[in-house]
Amino acid sequence: MYEVAAAALLLTLALALTRAFLGPTVFDRALAANAVGTVAMLLLAVISFMGGRPEFLDLAIVYGFLNVIGTVAVLKYFRYGSLGEPGEAEDAR
Amino acid sequence: MSVLVDVANWMLLAAGGAFCVVGAIGLIRMPDFYTRVHAASVIETLGAGLVLLGLLLQAGWTLPAVKVLMLGLLIFFASPTATHALARAALLRGVKPLLADEGESPSKP
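These protein sequence lines map, in sequence, to chains A and B.
Under my numbering, read the first sequence as residues 1 to 93, first letter to last.
Under my numbering, read the second sequence as residues 94 to 202, first letter to last.
Hints were generated in silico from the structure; no laboratory data involved.
Where hints are given, some of them may not hold.
[Unchecked claim] Label-pair distances were calculated between CB atoms; the ranges are:
hint: 1; chain 1: B; residue 1: G153; chain 2: A; residue 2: L17; range: 30 to 36 Å
hint: 2; chain 1: B; residue 1: K189; chain 2: A; residue 2: A73; range: 22 to 28 Å
hint: 3; chain 1: B; residue 1: A193; chain 2: A; residue 2: Y80; range: 21 to 27 Å
hint: 4; chain 1: B; residue 1: V100; chain 2: A; residue 2: A7; range: 18 to 24 Å
Ideal Cβ placement from N, Cα and C applies to all residues, glycine included.
One chain only, chain A, in its complex shape:
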């Protein structure tokens, strides 16, 4: 049964990657990258149960945190043009 879920997640991954390649704006690509991160996290969790190896769940948690931080960093870069300096005015928008 895990194989079915893993296959569905792999199909999701392929479609999201297609959107990341096609995406007309950079935000489409960021959205697709976010979806890829979430699905990869789910895939790691499913693989950990499929092979009976609980270590993969730790990898999934780490991957989830990295995914969130990466998405927010990329968005901040594309919104302000820089990742921000310490002491820079917060309302520079």
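Dock chain B against the given chain A, drawing on the hints supplied.
Okay, now just chain B, sitting in the frame of chain A:
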């Protein structure tokens, strides 16, 4: 009892996978950025939630169950934040939503 748990687990995993695929198809097929955000959030709410619930049923009261619960909490809090930041950044950078033509829709933007 064990068969019951297995059947529930199978159904939850299959439904979660189906919702993930539906969200990804929406990610491909939707016409503009904001509708794509809507389609992608299906992956992160229903798809992830159902898959993790199925895994939680299979894990029982063990340490992997706690880790799966942590994954669920992480998705629950972080993914709406990321989606909100994404839509807000796109709006502030001037990505226009696709609207209906004038006269076709009675609602004001």
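(request) Could you check the hint for me, namely that B:A193 and A:Y80 are 21 to 27 Å apart, CB to CB? (result) violated, 33 Å
(request) Note whether the CB distance of B:V100 and A:A7 lies within 18 to 24 Å or breaks it. (result) holds, 20 Å
(request) Could you say whether the range 22 to 28 Å given as a hint is met by the Cβ separation of B:K189 and A:A73? (result) Holds, since B:K189 and A:A73 (Cβ atoms, about 25 Å apart) stay within the stated range.
(request) Please test the hint of 30 to 36 Å on the beta carbon pair from B:G153 and A:L17. (result) holds, 35 Å
When the structure is compared with the earlier hints, a violation turns up for hint 3 alone.
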